[in-house]
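Participant: Here are the chains, one letter per residue:
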Amino acid sequence: MGENPRMRLLRLRVNGDLHEVGAPDHWTLLEVLRYRLGLIGSKQGCDKGDCGACTVLQDGKPLLSCITLAALAEGHEVTTIEGLMPAHVARGGAGADPVQEAFDRCGALQCGFCQPGMMLSARALLNENPAPSRTEIRAALAGNLCRCTGYTQIVQAVELAIAEAAGVEPPRPAWSPDANPWKAAPPKTRPARTRSTRRAAEREEG
Amino acid sequence: MAARDLHGKGPPWKEGFRIIGKAHPKSDGIEKATGQAIYADDIALPGMLHAKILRSPHAHARIRSIDATRALSLEGVQAVITGKDLPIPYGVIPWTPDEHALALEKVRFVGDEVAAVAAVDEDTANAALKRIQVDYEPLEAFLDPWEALRTPAPQIHAEIRGKPVEGNISKHVDLSFGDVERGFAEADVVLEDDYFFHGTTHTPIEPHCAVAQVSADGVLTLWSSTQITHYVQRALARVLELPESRIRVIQPCLGGAFGGKSDPFALEFVVSKLAFLTGRPVKCLWTREEVFYAHRGRHPMHMHYKTGARKDGRITAVDARILIDGGAYSSFGLVTAYYAGQLLTGPYDFPAYRFDSTRVFTNKPPCGPKRGHGSVQPRFAFEVQLDEIAERLGLDPIELRRRNFQGQDTSTVNGQRITSNGFLACLAEVERASRWKERRGKLPHGRGLGVAGSMYISGTNYPVYPNDMPQAGVQLKVDRSGLVTVFTGGNDIGQGSNSVCRYIVAEELGLDPLDVRVVAADTDLCPVDLGAYSSRVTFMVGNATIDACRKLRRQIVAAVVEAWGVVPERVAMGHGEVYDREDPSHRIPSREAFHLAETRFDTLGATGSYNTPKLGGDYRGGTIGASPAYSFTAHVVEATVDVETGRITVANCWIAHDCGRALNPMLVAGQIEGSAYMGIAEALLEVHDVNRFGLHAGPSLLDYRIPTSVDTPELHALIVESLDPEGPYGAKEAGEGPLHPSIPAISNAVFDAVGIRLRHLPFTPAKVLAALREASARPPAPKVARAPAKERR
Chain H
69 MGENPRMRLL
79 RLRVNGDLHE
89 VGAPDHWTLL
99 EVLRYRLGLI
109 GSKQGCDKGD
119 CGACTVLQDG
129 KPLLSCITLA
139 ALAEGHEVTT
149 IEGLMPAHVA
159 RGGAGADPVQ
169 EAFDRCGALQ
179 CGFCQPGMML
189 SARALLNENP
199 APSRTEIRAA
209 LAGNLCRCTG
219 YTQIVQAVEL
229 AIAEAAGVEP
239 PRPAWSPDAN
249 PWKAAPPKTR
259 PARTRSTRRA
269 AEREEG
Chain W
41 MAARDLHGKG
51 PPWKEGFRII
61 GKAHPKSDGI
71 EKATGQAIYA
81 DDIALPGMLH
91 AKILRSPHAH
101 ARIRSIDATR
111 ALSLEGVQAV
121 ITGKDLPIPY
131 GVIPWTPDEH
141 ALALEKVRFV
151 GDEVAAVAAV
161 DEDTANAALK
171 RIQVDYEPLE
181 AFLDPWEALR
191 TPAPQIHAEI
201 RGKPVEGNIS
211 KHVDLSFGDV
221 ERGFAEADVV
231 LEDDYFFHGT
241 THTPIEPHCA
251 VAQVSADGVL
261 TLWSSTQITH
271 YVQRALARVL
281 ELPESRIRVI
291 QPCLGGAFGG
301 KSDPFALEFV
311 VSKLAFLTGR
321 PVKCLWTREE
331 VFYAHRGRHP
341 MHMHYKTGAR
351 KDGRITAVDA
361 RILIDGGAYS
371 SFGLVTAYYA
381 GQLLTGPYDF
391 PAYRFDSTRV
401 FTNKPPCGPK
411 RGHGSVQPRF
421 AFEVQLDEIA
431 ERLGLDPIEL
441 RRRNFQGQDT
451 STVNGQRITS
461 NGFLACLAEV
471 ERASRWKERR
481 GKLPHGRGLG
491 VAGSMYISGT
501 NYPVYPNDMP
511 QAGVQLKVDR
521 SGLVTVFTGG
531 NDIGQGSNSV
541 CRYIVAEELG
551 LDPLDVRVVA
561 ADTDLCPVDL
571 GAYSSRVTFM
581 VGNATIDACR
591 KLRRQIVAAV
601 VEAWGVVPER
611 VAMGHGEVYD
621 REDPSHRIPS
631 REAFHLAETR
641 FDTLGATGSY
651 NTPKLGGDYR
661 GGTIGASPAY
671 SFTAHVVEAT
681 VDVETGRITV
691 ANCWIAHDCG
701 RALNPMLVAG
711 QIEGSAYMGI
721 AEALLEVHDV
731 NRFGLHAGPS
741 LLDYRIPTSV
751 DTPELHALIV
761 ESLDPEGPYG
771 AKEAGEGPLH
781 PSIPAISNAV
791 FDAVGIRLRH
801 LPFTPAKVLA
811 ALREASARPP
821 APKVARAPAK
831 ERR
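These protein sequences, in sequence, are chains H and W.
Residue numbering for the first sequence follows our numbering, starting at 69 and increasing by one per position.
Residue numbering for the second sequence follows our numbering, starting at 41 and increasing by one per position.
Source of the hints: derived by calculation from the structure; they are not laboratory data.
All clues stand as given, with none of them false.
Listed next, with one range per pair, are the computed distances between beta-carbon atoms: (1) H/V157 x W/E55: 37 to 43 Å; (2) H/R79 x W/A256: 39 to 45 Å; (3) W/V683 x H/N248: 36 to 42 Å; (4) H/N195 x W/A277: 50 to 56 Å; (5) W/N731 x H/K116: 17 to 23 Å; (6) W/P503 x H/R76: 51 to 57 Å; (7) H/E237 x W/K591: 41 to 47 Å; (8) H/E145 x W/R621: 55 to 61 Å; (9) H/L86 x W/D729: 47 to 53 Å.
Derived DMTMM-like pairs: lysine to aspartate or glutamate, alpha-carbon spacing no greater than 20 Å straight-line: (10) W/K62 x H/E237; (11) H/K116 x W/D163; (12) H/K116 x W/E329.
Covered stretches of chain H (chain W as the covering partner; in silico rule of three or more C-beta atoms under 8 Å from a C-beta of chain W): (13) 146 to 158; (14) 232 to 245.
Positions of the beta carbon are idealized from the N, C-alpha and C atoms, including for glycine.
The following block holds chain H by itself, in its conformation from the complex (with noise of 0.2 Å):
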């Protein structure tokens, strides 16, 4: 360290595992997590808070890692995109969680790097609310730019994995106006969900 800083014992709950980590008092959690973690998959596109790239979960809820000094999410639990598909698998799922085999599946992804932080804005929607509107979906991702998709496919695999957790089809896009790809896709287990599944389902018909 050229200019000494003070450094800090960090306590830090991420996708489950307890860490303990020394780093400057002035680290933000999105260094800590790619510097002393490797959990390499929270990305820095803008250092200010801006751009959402950073979005990690801290109890469940959205949070801004880049502008989030790290002491601060010591006592709370941290997910970042390494931890939804563990998650996922410890709740009795196979492969990667619902929202992130969603938006491989409607081509979401494209170059990807805005992508671990809309899929945690995404997952952190739908425990909330499993039915929203697609101006609620809209809404929920705001605070996560995406350069190159416009969104549209985005939207589509959000509305994806709701469709499917409830059951129903999902809706069709534009440029496939024959047939849904999207509605020969293996069921998955999921638990059971009544009445997020009825309302989905009223959604879609109505």
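On the provided structure of chain H, position chain W as indicated by the hints.
Facilitator: Showing chain W alone in chain H's frame:
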């Protein structure tokens, strides 16, 4: 090998594809989804140093001296370099090498790189930058292109490549085709107006980043967020005076580019030099602010267009004069000056055309190629002028465009060859989907529909450095496990070119896509491809991949024929198997067929390549803008104008794009939607400009307003397939063309909504209100029949 040799005459494409034409996931999709994809800044090497770059606070100044003693004395600082350490100039275009990694004698814009530090961490490197003392002698700075054009001194560049520069002119092109004066004399209506396109920038979410490592035996490896691996290797060799064979350039996963990573950049030379000087790996990651200053974005253009047309709507002549604000360096500027005129000559046929474009240097961040390089600005001006001609003639704007359609298998007024052309189908699609006939001119006051069209290149005939070697090469390697690996120099920048390689190999060899892996953009491992620019990768690498697959397939079929004792026509490949067409119960896994071929021949592999046929007009610059195939697009935009606030909102945008064949319609739709979104943002939100000191007006993602998910309209991507004879399975480009019409279509929709013509970008509320005031002060111009305007909401 030219595509015509590869595919034969006419589109030979079979139907009944198994993989092509379907919405398969991307080859790197799930690793991006799970956070496993490695981008440049994710690379950390043992003992790695961090570099930071000192930038000029002056827009134009001479450097008298630099003193780095105090920086070097700081604990943790390993090296400081200045322009003297990297004195050889470079530039992406070999004719205009006017850049230095670090300024030699002069700085030419605020943000120009001056010195660089390598230190144990970024904080130390930043602290060291503050201790470098630079003595500047400020010079008069040109921030206005008209002033730069008028004023020959002081010169921003005195000479480039040993040739004196004329005043501050970067490039001047004046070309004329057909009899322009006669064309205007024959016209029933002639319109003439000024148009202005402001500057915009790419804003990939990943900032530029490079990591260099030097081996003990002197081999340099550079990982860089670049879309031109091959050109970066060449530029490094030139500047560092190393043989190209001692330089390995690797493009890791790339977090967006859009043309903003298609120049060699200072950080690539800086980390390489510092790695040599320190014997340690060095990384440099730019801040978001640095990305704004690095720029290379869309050129501001001051355009004057004059168009003549007969009563039936047929265009008789077009005359354009364009002043291009280039910023401080050439970048691709030579090409920009040509593209500004050369790419306007479709999808409409006109018998006479003249353009005069001048690119000037100014003391601003250098402009370069942004998605739709050089042609988005002229397209805006021209499509707005066409709309006005339709209005004057009382013609439906879609009908006017139809009447001027140039057709297919033809050539343009400036000598470009047109193969397939699905523009009429594009117009029909947006007309139908937007319910144009029922709604245009009939919506309540404040709401309107606007149309625009465009064309764009699928790769360019003109390689950046002249040579007759293939533009794209591909190598296949076959494993005994049944896996086929594709090695390609192509740069996947998120558009999915690696996935396209996978789909093609799986299609040609009858494999499961998961049994095809792609290794790309590593100069040690992959055959050369020129890079991701000019919408060339899918087209050229795709063709090269087909070529390699067919060679490999012949070997496999020959081995199976020998083993089975059947004629080659009976051998088919599909679903991971090789089978007998006449006796489908006779089948073996692909893997076993590979074993037969390896036994019969040798270690299995194949190469393939693509080069463009000789194209272009027979005049100086005639090959610039010549492409093996052109894509075509039509948009209809539905816009709302709030007459109280002047705010324009786009509710819907229908985009019909002729991509030849959609190799994967989902990825094509993603390109169409992303293009349209970016164009709409340029029209309504984004401004890349500097203030009177040359400081960027807002170098952050808060001030530079790229749209969020709530700002973005509903985008309806409609795919038109014209099956081009040149492209892989008939495919053409999809990633740049669909940006162009977004901007003029909004202006034309605003006219339909409130009867004003917006000719100056961006379309801010202030400009809308001023135009509304002006319009209410004068009698309305004659218009196409409209329903009576309703009162405001």
